[in-house]
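Number of protein chains: 2
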Amino acid sequence: MEYQNYLPIWDKLTKDQQERIAQVIEYRRVEKGTHIHDSSADCLGLVIVKSGQMRAYILSEDGREITIGRLFEYDVSLLSASCVMPDLQFNVMIEAEKDSEFWSIPACLFKNLMEESLAVSNYSRNLLSSNFSDLMWLMEQIMWKSFDKRLSSFLLEEMQLEGAPLLKITHEKIAAHMGTAREVVTRMLRYFQNEGMVRLTRGSIEIIAKEKLESLSDT
Amino acid sequence: MEYQNYLPIWDKLTKDQQERIAQVIEYRRVEKGTHIHDSSADCLGLVIVKSGQMRAYILSEDGREITIGRLFEYDVSLLSASCVMPDLQFNVMIEAEKDSEFWSIPACLFKNLMEESLAVSNYSRNLLSSNFSDLMWLMEQIMWKSFDKRLSSFLLEEMQLEGAPLLKITHEKIAAHMGTAREVVTRMLRYFQNEGMVRLTRGSIEIIAKEKLESLSDT
Chain A
46 MEYQNYLPIW
56 DKLTKDQQER
66 IAQVIEYRRV
76 EKGTHIHDSS
86 ADCLGLVIVK
96 SGQMRAYILS
106 EDGREITIGR
116 LFEYDVSLLS
126 ASCVMPDLQF
136 NVMIEAEKDS
146 EFWSIPACLF
156 KNLMEESLAV
166 SNYSRNLLSS
176 NFSDLMWLME
186 QIMWKSFDKR
196 LSSFLLEEMQ
206 LEGAPLLKIT
216 HEKIAAHMGT
226 AREVVTRMLR
236 YFQNEGMVRL
246 TRGSIEIIAK
256 EKLESLSDT
Chain B
46 MEYQNYLPIW
56 DKLTKDQQER
66 IAQVIEYRRV
76 EKGTHIHDSS
86 ADCLGLVIVK
96 SGQMRAYILS
106 EDGREITIGR
116 LFEYDVSLLS
126 ASCVMPDLQF
136 NVMIEAEKDS
146 EFWSIPACLF
156 KNLMEESLAV
166 SNYSRNLLSS
176 NFSDLMWLME
186 QIMWKSFDKR
196 LSSFLLEEMQ
206 LEGAPLLKIT
216 HEKIAAHMGT
226 AREVVTRMLR
236 YFQNEGMVRL
246 TRGSIEIIAK
256 EKLESLSDT
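Chains A and B, in that order, give the protein sequences. In terms of this note's numbering, the first sequence opens at residue 46 and continues consecutively. In terms of this note's numbering, the second sequence opens at residue 46 and continues consecutively.
In case anyone wonders, no lab produced these hints; they're calculated from the structure. C-beta atoms are modelled at their ideal positions from N, C-alpha and C, and glycine is treated no differently. Incorrect hints may appear among the rest.
Quick look at which bits of chain B chain A covers, simulated, 3 or more residues with Cβ under 8 angstroms [claimed, not checked]:
no.	segment
1	168 to 179
2	234 to 246
Far from chain B, by Cβ distances over 10 angstroms, these chain A residues were calculated [claimed, not checked]:
no.	residue
3	E47
4	Y48
5	I54
6	Y72
7	C88
8	C153
9	K194
10	S198
11	A209
12	K213
13	T215
14	K218
15	A226
Same shape as in the complex, but just chain A (with noise of 0.2 angstroms):
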């Protein structure tokens, strides 16, 4: 299959507005780990996920991290073409978390695009809003929702990307993801252990009492 079916609105492009995108688009296949994007540095432009798994997060400027969304197979992201949005003005990252196949549109392109077709336009403004949409939910989370019940969230996430009670991540990482300190999960965690909801290992989480964890998260 090629990027022609991951593109939603490839129908409703004219023919000259399909070879200029064919002449330009790139495919890349990158490890996990791989940092596809960073907008202080670049401007990718539009990503189209083919495989994988990605997360885009914002950093502070003491160094610390919180995941503003993430990318699977069929996805498209505008969050990489920050750029050519007027009055975006942040700085977020993009990297691969496993390895993963994906498209992108260069910026220039797309911001052209955007602007000549209708289509384009209101496919871009709907990404947007959905974009808006898990910012508000993500920020109301940090706002209003303990601790204890964003992280059984969070691990109960995980579980279900992972098709399996055992995560191998660390709390560092964890905290990374939820933009906390370290000591704040680890602390929590030993809780949920007490509680006899997780068994923790080096190095890894096993999830004992899923349902315990759901009536937690509230989900």
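Chain B: place on chain A using the hints.
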């Protein structure tokens, strides 16, 4: 001056589109304190501010608030039209902070205009990316700025809005704006007073050393 002058894309609309707006646009004059929008209950549509000052905020289940944006003369907002944006699911409230005048274009008409007009679609996308950027900034403030910096920035902003160093605002109100508890605000304000930055009296806060607050707020 009529609404045509307040809508930057007016001249890019067709005669027909202009007439459809003219037929349904509503003008309202509201008093300070009026709740003009609650996205869980209604969908006002596009709001165009003629005069006054409004704030958009979100509300948690337990009644805490956080201000996510402010609207002044000539501002146009889609936050009151979240119902027409796919995937945009959150509850935004808008209230008048001063006596205000505004126009609203009903959501259903505006949705149609976005889908048929490239100019409207592009304009809406730009409004949305500006909101997105603001929200990202706000989240960074919440996540990473220590509370003393946030509070000093808030006081300086209020001072600029009022045009005077005497702010008639309660600690409760500030706490609501900042999504925190009154006690947290009171503690920090007392610290500011001890440092000779503000003078606290019943129901008001006087800024007496603007430059100290500025160096703290890092702006």
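Problem - Least C-beta distance between A209/A and chain B, which was stated to exceed 10 angstroms - result: Given a closest Cβ separation of 30 angstroms, the condition holds.
Problem - Cβ separation check - A226/A to all of chain B, threshold 10 angstroms - result: holds, 12 angstroms
Practice task
Say whether it holds or is violated: T215/A keeps its Cβ farther than 10 angstroms from all Cβ of chain B.
Solution key: Its Cβ never comes within 10 angstroms of chain B, the nearest being 21 angstroms, so this holds.
Exercise for the section: Hey, is C88/A genuinely clear of chain B, shortest beta carbon separation above 10 angstroms? Expected result: holds, 14 angstroms
Practice task
Would you assess whether Y48/A, listed as outside the interface, keeps its beta-carbon beyond 10 angstroms of every beta-carbon in chain B?
Solution key: holds, 23 angstroms
Problem - Minimum Cβ-Cβ distance from K218/A to chain B exceeds 10 angstroms - result: Holds, since 18 angstroms exceeds 10 angstroms.
Handout entry: Beyond 10 angstroms from every chain B Cβ - status for I54/A
Key = holds, 13 angstroms
Exercise for the section: Measuring Cβ to Cβ, find out whether K194/A lies farther than 10 angstroms from everything in chain B. Expected result: Its Cβ never comes within 10 angstroms of chain B, the nearest being 12 angstroms, so this holds.
Exercise for the section: Take a quick look at K213/A and tell me if its Cβ sits farther than 10 angstroms from every Cβ on chain B, holds or violated. Expected result: Holds, because the least Cβ-Cβ distance between K213/A and chain B comes to about 27 angstroms, which exceeds 10 angstroms.
Practice task
Against chain B, does Y72/A hold up as non-interface, every C-beta pair farther apart than 10 angstroms?
Solution key: holds, 27 angstroms
Practice task
Could you check that no beta carbon of chain B comes within 10 angstroms of the beta carbon of S198/A?
Solution key: holds, 16 angstroms
Exercise for the section: Apply the coverage criterion to the segment 168 to 179 of chain B and chain A: a residue qualifies when its Cβ sits closer than 8 angstroms to a Cβ of the chain, and three qualifying residues are needed. Expected result: This one holds; 9 residues, not fewer than the three required, reach chain A with a Cβ under 8 angstroms.
The structure shown violates just one earlier hint, number 2.
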